[in-house]
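2 protein chains.
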Amino acid sequence: MKRRDVLKAAGLGIAGASTLAMPAIAQATPELKWRMTSSFPKSMDVLYGNGELVAKYVAEATDNKFQIQLFAPGEIVPALQALDAVANNTIEMAHTCSYYYWGKDPAFAFGTAVPFGLNSRMQNAWMYYGGGIELMNEFYAKFGVVGFPAGNTGAQMGGWFRKEINTPEDLKGLKMRIAGFGGAVLQKLGVIPQQIAGGDIYPSLEKGTIDAAEWVGPYDDEKIGFYKVAPYYYYPGFWEGGAYLHAFINKAKYDALPDSYKQALQIATKAATSDMQARYDMVNPPAMKRLAQAGAKLRPFSQQVLSACFDAAQQSYDELNAKNADFKKMYDSMMAYRRDAFLWFQVSEYPADTFLMVQQREGKL
Amino acid sequence: MKRRDVLKAAGLGIAGASTLAMPAIAQATPELKWRMTSSFPKSMDVLYGNGELVAKYVAEATDNKFQIQLFAPGEIVPALQALDAVANNTIEMAHTCSYYYWGKDPAFAFGTAVPFGLNSRMQNAWMYYGGGIELMNEFYAKFGVVGFPAGNTGAQMGGWFRKEINTPEDLKGLKMRIAGFGGAVLQKLGVIPQQIAGGDIYPSLEKGTIDAAEWVGPYDDEKIGFYKVAPYYYYPGFWEGGAYLHAFINKAKYDALPDSYKQALQIATKAATSDMQARYDMVNPPAMKRLAQAGAKLRPFSQQVLSACFDAAQQSYDELNAKNADFKKMYDSMMAYRRDAFLWFQVSEYPADTFLMVQQREGKL
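Chains as they are written, first to last, in our numbering: chain A, 1 to 365; chain B, 1 to 365.
Some hints could be false.
Since the list can't tell identical chains apart, any single copy or any two copies may satisfy a pair.
Straight-line Cα separation of at most 27 Å, DSS-like style, residue types lysine-lysine; simulated pairs [claimed, not checked]:
#1 Lys289 with Lys328
#2 Lys251 with Lys188
#3 Lys323 with Lys364
#4 Lys262 with Lys56
#5 Lys289 with Lys329
#6 Lys323 with Lys142
#7 Lys223 with Lys42
#8 Lys56 with Lys251
#9 Lys223 with Lys142
#10 Lys172 with Lys364
#11 Lys364 with Lys328
#12 Lys188 with Lys172
#13 Lys104 with Lys328
#14 Lys364 with Lys188
#15 Lys364 with Lys329
#16 Lys188 with Lys329
#17 Lys33 with Lys56
#18 Lys33 with Lys262
#19 Lys228 with Lys142
#20 Lys172 with Lys207
#21 Lys289 with Lys172
Calculated from the structure, these hints are not laboratory results.
None of the values given here were measured: they were computed from a predicted structure.
Kindly produce the complete structure, drawing on both the sequences and the hints.
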């Protein structure tokens with residue numbers, strides 16, 4: 001056993017983790033029991049459940065030797081302290097969103113979604129084949145963590161509003177529960193972003209303490225019942241056109257893993273990312289129909305509103321690029337792809353979808 | 001060891017494959033060396049390469065104990081005999097397309113793509129969370145194979161035409177290299193579908209033996225150089241809006257695998273499916289730009305042409321549903337989802353994409 005491997009193995013707290021020199025199976029595949037804290041309440045079964053899938057796939061890929069136990073927010077670590085808990089080794093892993101940590105550094109936003117960014121297919125292209133994972137991990141390393149996408153919601157909804165929003169002027173003074181980068185962009189148009197924990201959103205909307213709130217999409221939003229207190233359901237959620245969840249792993253712990261376990265984590269998170277999108281795409285359509293029947297009033301943001309928000313987003317990008325080199329590096333990489341991707345998707349995907357959407361409206365599907 | 005497990009193990013040709021009673025690791029994770037024949041030429045690196053990814057991920061998930069060696073078409077089995085070779089146990093696995101076997105039974109088409117069917121995200125929703133995999137495998141079992149999606153191209157292009165196609169009349173008498181269900185639909189409009197092997201398409205177009213040919217999309221099509229002999233590059237390829245490749249496995253061999261290896265195959269194929277879409281979404285945009293610069297003339301099929309094809313497809317569906325119960329079962333399941341999916345995608349995904357496509361055209365991205 002090489003000295004380097006002994007050190008790695010010591011880091012793992014197990015007898016031997018070499019994948020190089022030792023023939024015995026037990027050493028290449030040590031028994032590990034890790035803990036992963038989730039930022040998502042158990043009631044959000046697709047979000048929380050994706051953490052369970054990651055754990056299940058890792059266990060399956062390692063013949064149950066690498067076990068990851070998932071904990072709900074607050075059981076060990078509060079929801080939004082997940083990244084810190086992983087960084088300081090309180091817990092080995094977290095299932096959370098990178099952009100929750102936007103306050104530490106705005107560059108965290110690129111790990112989830114940025115305003116007027118990529119759709120979920122494009123996110124996968126950029127992350128897995130456009131250098132995204134490598135760029136993000138250069139950055140995450142500064143915080144002592146390794147991160148992989150672990151779930152994608154697709155384009156989220158714009159949220160629930162107590163009154164209609166027709167022009168950018170209607171946004172002025174609006175108290176809206178919206179976090180991070182999306183909130184910062186809307187703030188430029190006069191919105192007053194509110195940070196409100198999940199369970200408090202509904203009563204705040206009901207009392208009128210806030211005027212609007214964004215959450216996820218029909219399937220998750222239906223559970224909270226927003227439509228009863230803020231009936232206007234706007235789309236699209238342009239600040240998260242394809243929002244990733246992330247699995248964060250303590251970097252020292254990750255680096256000490258046998259290669260086969262590193263691979264297991266990567267394959268498991270990739271498969272789970274595909275699963276979440278597929279699952280949302282299956283459960284959102286009927287949820288949206290139920291919401292519409294229950295009285296939700298679906299409204300598209302007007303082109304005028306979207307254009308004002310797009311300009312505000314560009315202003316935010318310019319400001320952040322000017323003062324944050326990490327942010328600019330990711331921005332340049334993602335936006336170069338965005339230009340090409342939104343050209344290409346006009347060619348075959350969009351006309352194919354458009355034609356079938358027209359048939360749907362005409363009752364021919 | 002239970003008798004059933006002894007039988008299973010005998011089927012594998014190894015000493016012990018029980019995942020139930022035997023504690024020793026060597027028996028839960030036997031060393032297996034399988035062979036997989038590809039239907040895709042090595043020159044099509046994304047298609048062929050996805051078979052390599054499946055093998056790589058399975059090896060990684062089993063600590064290199066379950067090895068799958070990939071063979072190019074013709075090395076062991078000709079491209080389009082892949083399914084038969086797996087069914088009759090000439091080889092353990094194939095990486096191919098389900099719809100290549102449409103001639104055996106049209107229901108094979110649902111494993112890849114059907115005309116005016118689902119886009120690739122919807123395909124994943126239906127397959128993984130809409131009962132698709134279960135339905136397909138009930139059907140595949142009749143042929144002695146188990147199948148999992150293993151790659152998706154996204155919406156393909158409509159192909160290369162020597163002259164413009166403006167109305168359905170322009171399709172009459174057109175000799176087009178197009179296979180399977182898409183060919184059968186176009187035949188109703190007067191197209192004469194041609195079955196031509198990959199390497200012969202270009203010379204056939206050059207000589208004018210055929211008038212048109214469909215292949216995959218910009219990245220793959222560019223390699224063949226179609227634009228030099230048939231410059232009109234039509235879209236969308238409405239007969240394959242999100243075309244899956246499949247990994248087929250001999251059913252007796254699959255059934256005898258330890259559970260952990262079955263899971264490894266499922267996770268590996270799911271991750272590889274995500275990879276192929278991501279990879280195509282990264283390499284197609286620049287390829288399309290290069291093709292346009294080289295002289296390819298991009299053309300959308302007119303609404304009139306698409307509508308005529310849609311009606312012809314519906315006629316084919318009606319005919320096949322009337323005489324093929326397996327076909328109808330899959331059709332009913334997929335099309336119920338299609339109705340809801342193309343409604344839901346109009347809500348957030350489509351307006352988000354549309355807005356950014358408009359910005360792209362206006363040079364703002």
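Taking the hints in turn, this is what the structure says about them:
| no. | hint | verdict |
| --- | --- | --- |
| 1 | Lys289 with Lys328 | between (41 Å within a copy, 26 Å between copies) |
| 2 | Lys251 with Lys188 | neither (37 Å within a copy, 60 Å between copies) |
| 3 | Lys323 with Lys364 | between (53 Å within a copy, 22 Å between copies) |
| 4 | Lys262 with Lys56 | both (15 Å within a copy, 14 Å between copies) |
| 5 | Lys289 with Lys329 | between (41 Å within a copy, 24 Å between copies) |
| 6 | Lys323 with Lys142 | within (18 Å within a copy, 63 Å between copies) |
| 7 | Lys223 with Lys42 | within (12 Å within a copy, 49 Å between copies) |
| 8 | Lys56 with Lys251 | both (21 Å within a copy, 25 Å between copies) |
| 9 | Lys223 with Lys142 | neither (38 Å within a copy, 42 Å between copies) |
| 10 | Lys172 with Lys364 | between (42 Å within a copy, 25 Å between copies) |
| 11 | Lys364 with Lys328 | between (47 Å within a copy, 18 Å between copies) |
| 12 | Lys188 with Lys172 | within (9 Å within a copy, 57 Å between copies) |
| 13 | Lys104 with Lys328 | within (16 Å within a copy, 55 Å between copies) |
| 14 | Lys364 with Lys188 | between (43 Å within a copy, 19 Å between copies) |
| 15 | Lys364 with Lys329 | between (47 Å within a copy, 19 Å between copies) |
| 16 | Lys188 with Lys329 | within (24 Å within a copy, 53 Å between copies) |
| 17 | Lys33 with Lys56 | both (13 Å within a copy, 25 Å between copies) |
| 18 | Lys33 with Lys262 | both (15 Å within a copy, 23 Å between copies) |
| 19 | Lys228 with Lys142 | neither (44 Å within a copy, 51 Å between copies) |
| 20 | Lys172 with Lys207 | within (20 Å within a copy, 66 Å between copies) |
| 21 | Lys289 with Lys172 | neither (31 Å within a copy, 42 Å between copies) |
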